[in-house]
Structure formats: C-alpha cells, structure tokens
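Keeping the supplied structure of chain A fixed, place chain B upon it in accordance with the hints.
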Amino acid sequence: MTFQVELVSPEGIAYSGEAEMVIARTVGGGEIAFQPGHVPFIGVLAVWSVDVIHSDGGRDTLAVHRGFVQVAGTMVTILSDVSEAADEIDVDRARAAREVAEVALAADRDDAAAAEALARADVRLAVANAEA
Amino acid sequence: MAGGRERVLRRRITSVQKTKKITRAMELIAATRVMKAQQRARASAPYSRQITQVIENLAAAGTQVDHPLLREAEKVERVGVVLITSDRGLAGPYNSSIIRAAERQVQNARAEGADYALIIIGKKGRDYFRFRNYRIDSFTEGISDNPTYEDAKAVADTVAQLFESGEIDRVELVYTEFISIGSQKVAVRRFLPLESTETMAEEGGGEAGAVASFEFEPSPEAVLEALLPRYVEARLFGALLESAASEHASRQRAMKAATDNAEDMIVKLSREMNQARQDAITTEIMEIVGGAEALGSDDDTTDTPVPVGNRN
Chain A
1 MTFQVELVSP
11 EGIAYSGEAE
21 MVIARTVGGG
31 EIAFQPGHVP
41 FIGVLAVWSV
51 DVIHSDGGRD
61 TLAVHRGFVQ
71 VAGTMVTILS
81 DVSEAADEID
91 VDRARAAREV
101 AEVALAADRD
111 DAAAAEALAR
121 ADVRLAVANA
131 EA
Chain B
133 MAGGRERVLR
143 RRITSVQKTK
153 KITRAMELIA
163 ATRVMKAQQR
173 ARASAPYSRQ
183 ITQVIENLAA
193 AGTQVDHPLL
203 REAEKVERVG
213 VVLITSDRGL
223 AGPYNSSIIR
233 AAERQVQNAR
243 AEGADYALII
253 IGKKGRDYFR
263 FRNYRIDSFT
273 EGISDNPTYE
283 DAKAVADTVA
293 QLFESGEIDR
303 VELVYTEFIS
313 IGSQKVAVRR
323 FLPLESTETM
333 AEEGGGEAGA
343 VASFEFEPSP
353 EAVLEALLPR
363 YVEARLFGAL
373 LESAASEHAS
383 RQRAMKAATD
393 NAEDMIVKLS
403 REMNQARQDA
413 ITTEIMEIVG
423 GAEALGSDDD
433 TTDTPVPVGN
443 RN
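Order-wise, the sequence lines are chains A and B.
Using the numbering used here, read the first sequence as starting at 1 and increasing by one per residue.
Using the numbering used here, read the second sequence as starting at 133 and increasing by one per residue.
Check each hint, because a few of them may be wrong.
One side of the interface only, derived from the structure: several residues of chain B facing chain A at Cβ under 8 Å [what the hints assert, rightly or not]: (1) 189; (2) 345; (3) 346; (4) 347; (5) 350; (6) 362; (7) 365.
In silico SDA-like cross-links for lysine to any residue, where the CA-CA straight-line distance does not exceed 20 Å [said to hold, decoys possible]: (8) 317/B <-> 242/B; (9) 168/B <-> 109/A; (10) 168/B <-> 14/A.
Note that these hints are calculated values from the structure, not bench results.
Where a beta carbon is used, it is the ideal one built from N, C-alpha and C, also for glycine.
So here's chain B without its partners, still in its complex pose:
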C-alpha cells in the first residue's frame, strides 16, 4: 500500500531527530569541557615553568648528579611505552590515531630486538591491546577525562620504579598534543631517561633567567636529586592535561559532524517522505478518477455521474 512507505520514512525521521538531540547535547558538553581542560592546562603551566627554571639555574651552576632517572642503558632490552587514551569513545579518530602510534613504538622496539612494556591510561587503549593479545604491564582508568596531579603522580611513580629497577631501559610517552581547539597532534616523546640538565633547560626555552648565581641548600646535587622525580611527574601531568583537552576537542568535532549529518539526513528524508505522500495522493486520485470513469462507461444513457462511493 502507498501509505506504508510514508510511515516508514516518518519513523526514520523521528529516530534521526532523536539521535541528533543526543549528539547535539554531547557536542555542547564537550565544548564546555574543552574550555575547562584548557584552563587547567594553563593553570599548571607556572609550576612546570618554575621547575624548568630551577633546573636551568642548576645547569648554569654546572651541577651533575648520578641519578637513576638519568641512567642511559648501554643496551636497551625493554622499551616502555606510556600511552594516554580516553575511557569513552565517540571522539572521532582521537583514540585510533594515538593507539596506532603506540603500536608502532612497540613494533619498533621489537625490530630492534627489544622487549616491550605497555603502560596504558584509558579503557580504549587497553581494549585494543588486550584484544590483540599484547602484554599490558600497567593499566589505569578513570583519570584521562579529568586528570589530577595525584593521578599523574601515581602513574609516574609506577613508570619511574620500573625504570629505576632496570626492568625497562627507555620510556616513550605517546599522547595527544593540544595545539588549538581545531588542531591536535599525536606526539611521541622520550620520557626516560631524562636528558642532561643542559638539554632540559634548553628545551624549556631557557630565557635569561639563569643570570644570578644561586645559593643552594643543602647542595646543588641534593636539590637536583629532589627535583628530578617532580620533573617527571610534572611532565606526565602536562601530557595528561593536554590529552584531556584534545579528547574533548575531538569529541566536540566528531559530535558536531554527527549533528550536521543528522540535519542533512532529516532534510533528505523529509523530501523523500513528502514525495512519497504526494505519490500516494496522486495514486489515490488516479484510482478515484479511474473508478468514476469506469462507472460512467457502464451506463452511457445517464448524464449525471454517480457520486463516488455512493454506489449500490
């Protein structure tokens, strides 16, 4: 029957409209979360800047220590990969691209003849690697959405411990760099061993901060030794914050695209539905006209046409 198609289309439009409401809501939520995450990333900047500045000053004083976090292994036997993914999906290509980058790191390690250790943050990363039978050494969930410094510290401690005990000889940090709302980039950074203090200072954009000659207490070496673990934590915290901002930005973009697509689909389906209704009406008229004509030709002597539907 002709009305059937119309009804099916109407049902689909309602369904798409409901989906659109959901994606629209998710888009708005993600938008506010991006703002918040960005703010937090900004708020954390002074701390890491200050830590880098202290390191600069230490470097200027020519401080050298033999800290386990600085240990360069002669032969890398096991590479640690720290991967930051999200717990929830619907964030466009956010997780898949970062996971691909991490898997490449694991493959590189294997190609070099080294073993790997996976330290994963976020359910999505775990699901991917577990499904493919990778060994996962450490997994943390529930922090990538809105990371706190405590969370960063816990993960950094795990990684530092693995490194200091000599179980892993190198650590790569795989996360998403937040450049702007419209642009995020997969980043793979050497996490451990730390580079020499000079390099750290240079990377920190070494401004002219290191002019004054500082007094250190208890000693420059002791300050540096106390500082290095904090530096590691602060770096991981920074990466977590950037990843969180990137996740929300990706989700916002993905949900915006979904909402736009839903709108297009509603327009297209409405046109189809209108056409189907039009077709149904036309068919009905044709049937009526056809019926009337059939009646008319039945009885040629009558001038007045028999009213439709009034046939005995």
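Just chain A, same shape as in the assembly:
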C-alpha cells in the first residue's frame, strides 16, 4: 500500500511521488515515520532530511531546511520554502558554508544564525553523500 508524497515550495511542486513510508524529523519530537493510514498529523520540521521510501525499496532523500509536514488521508504534503533534492545540492558550496559557519561559531558560541547555517550545511552534505 502506498500514498502520495508531495514537496510543495513557493516556486512550485518540487517533488512528487508514490511512497510506502516517509521518514522525517520534527522539532521537539525526534524522528517520525509515516505509513499509509497514519492518523492526521501536522508537524514542524527540524533542519534535517526527509526520506521517501518507495515500495520497491528505493529511496529519495530530500534536504528540508525548514517547513511543515501534513499527513491527511492518502496524502503526505511537505511544505518548505528552503528544500533541495539530493542531486540539486552543491557539495562544494555546502562545504564552504560549513567552514564559514564553524569559524563564526568559534568566535561567538551564541551566534544563532551561524549555528543554523552549520546545521543546514551538515544536512546538505549528509543528503548528498547518502545519494552518492
């Protein structure tokens, strides 16, 4: 049994496919996996990846840096204004961003923007590697 997964961004529907299971991580709630028939659910997504697992065992990994997930009936909708599929990620840029963020964090431990940038870069690299 599968359900429909859509990654909706302001610029359009960035990803759409059938899946058997979707794994995401919500703010405060940790990892959560959805399967068809899940109770209606709305969650705030953490800076993390979203795994879409197909019925043939294949998986798509999306880097979602901010957003919401809504599960209703046979639809999983991921709303995000900053998200990328694995093949869209610029690994070099993510590495560079990571370094910049680390330097900034070393200088100021409480730099929230840098911490966020670091988290984003980490997710990008993790997602890109998972695909490679």
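Coordinates of chain B only, in the frame set by chain A:
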C-alpha cells in the same frame, strides 16, 4: 521648393517606422513574459493553498496564540504602506494608478493623525515619492520584473521586523491584482496585523478540509507560531507575482496601442507625402506649360513650338 515637404515627410515616415519596430518587439517580449509570470503565479498557488489549509486545521482545533504578528495596536501611530511598482516604464497607466492608490493611503494615515512609513519595491515608485519629498523607509529594486521567493522573504522580513518592533502599527499592501490578460485591478489589502486564524481560514475559501482532527507536533501553538511568518512571506510573494504579471500585461497593451498608432500615423503620413509629391509634379508641369506658352507668345510667326529646355 516643392520637393522639400516631400522629403521632410519621408524622413518622418522612416522615423515612425523605426519606432514601430521597437514597440512591436516590446509588445512581443511582454506577451511571452506575461505567460511566464502567469505560469509562476500558478505554480506558487499550491504552496499558499496548503499553508491556508494548515491554518484552517489549526483554527478548527481552536488554536490561539499571542504572536507579535497578530498584535492589534490600540492606537495606530504609524501606518506602513508597502507599494509594488515596476522598475521600467512604458507600461501604460500601470505605475501611475498604483502610485496614486499608495499616496491616498499615506494621506489617509495623515488624516487620521498618524505618521507613515513607505516600503517601496520598484524604481518608479521611488522616483515619484522621492521627487515629492516623502520619506522612504525601505526601497528594493530589480525584483519586480521577475520576483523570487528569496526576494519576497527579504522584504517581508523587513516589514515584519518594523511591525514586531512596534515602529509601525498597521501595514497596507498596495499592488496590482491580475485578473486576466485584459484586466488588472489596483488592490489595497490589510497586510499586518494578521487577522485571527478563523478569518484567514475563511478567506482561504475554507473547503471541507478541516474535518479530520489532527495531531500537532510539537503543539498546535508552536505550529501556528512557526507558520505565521511563512504565511506573511507567501502572501507578499503572491502579490509580487501578480504585480509582475500585471506589469507585463500592461506593457503589452501599451505597446500594442503604440504599434497601432504608429501604423495609423504611417498611413496618414504616406497619404500626405503622396499628395505633396503630386502637388510638386503638378506645379512642375504648370511651370513647364507656362514657360512653353510664354515662349510661344514671344514669336507668333513660328508654327513649330520650341522644345522645352532647348532655348538659346
């Protein structure tokens, strides 16, 4: 000399023809841009629809939060006006009508005894208000032609910050609504404070989406708090996209009118030129005939007329 008028007219026709080529090209470019802008507006629709749906679900769950974006000021001391204009002209009445509407908002604010803050997108709006010595609080250029979500976010953040810090107590969004290629309308909408979740849900055309009772994580309040800034951004992005489509549609119409006028002018000028040429020829013939007759009357004894131009 008679040929002079003809030459002047010919030069004008060439000039109008060249202008026509330019306006025709601009019309075609604008036409393709309208299509693209419309497509982008359509592509962005699912996102705002989904955001509204989540808000509906939150409203159905009776979620209430005390978010700074919802703050209703007891006394409005400063009104923010967000104005979306274009960077380039030649778009017919597109800019002037939207600027007029924004200026009216500023005057209304003053009439209520409140100060104003102008947040302007597009060079045309800035030029107008700067020339009239208005204070401009924020100006962004280079985005109204083809706005990206990042652009919308940057402007929305500026506005939200001004609002949350209490510098402005109300924000009006002045933009052009795209109804169809043939029809665009100036729209003035309350941007901030946001209305209650119930009203937002109703405005979103609240379908029966909110039947299921949802589980929220971490909590309904936290979801709503995270959602409100996104909602503000998405609304501004939508307005930017509609304005871009309207701008291109206006330009297309203005350039079509210009091309048509150029065509009419060419027809009119060509007629005038032909008439001038005809006149010149007639005058020339008259001169020749007159000259010949003068010669003939000089010497009555000769039967054969002297060939013209062969006079010693």
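Hints breached by this structure: Hints 8, 9 are the ones this structure does not satisfy, whereas the remaining hints hold.
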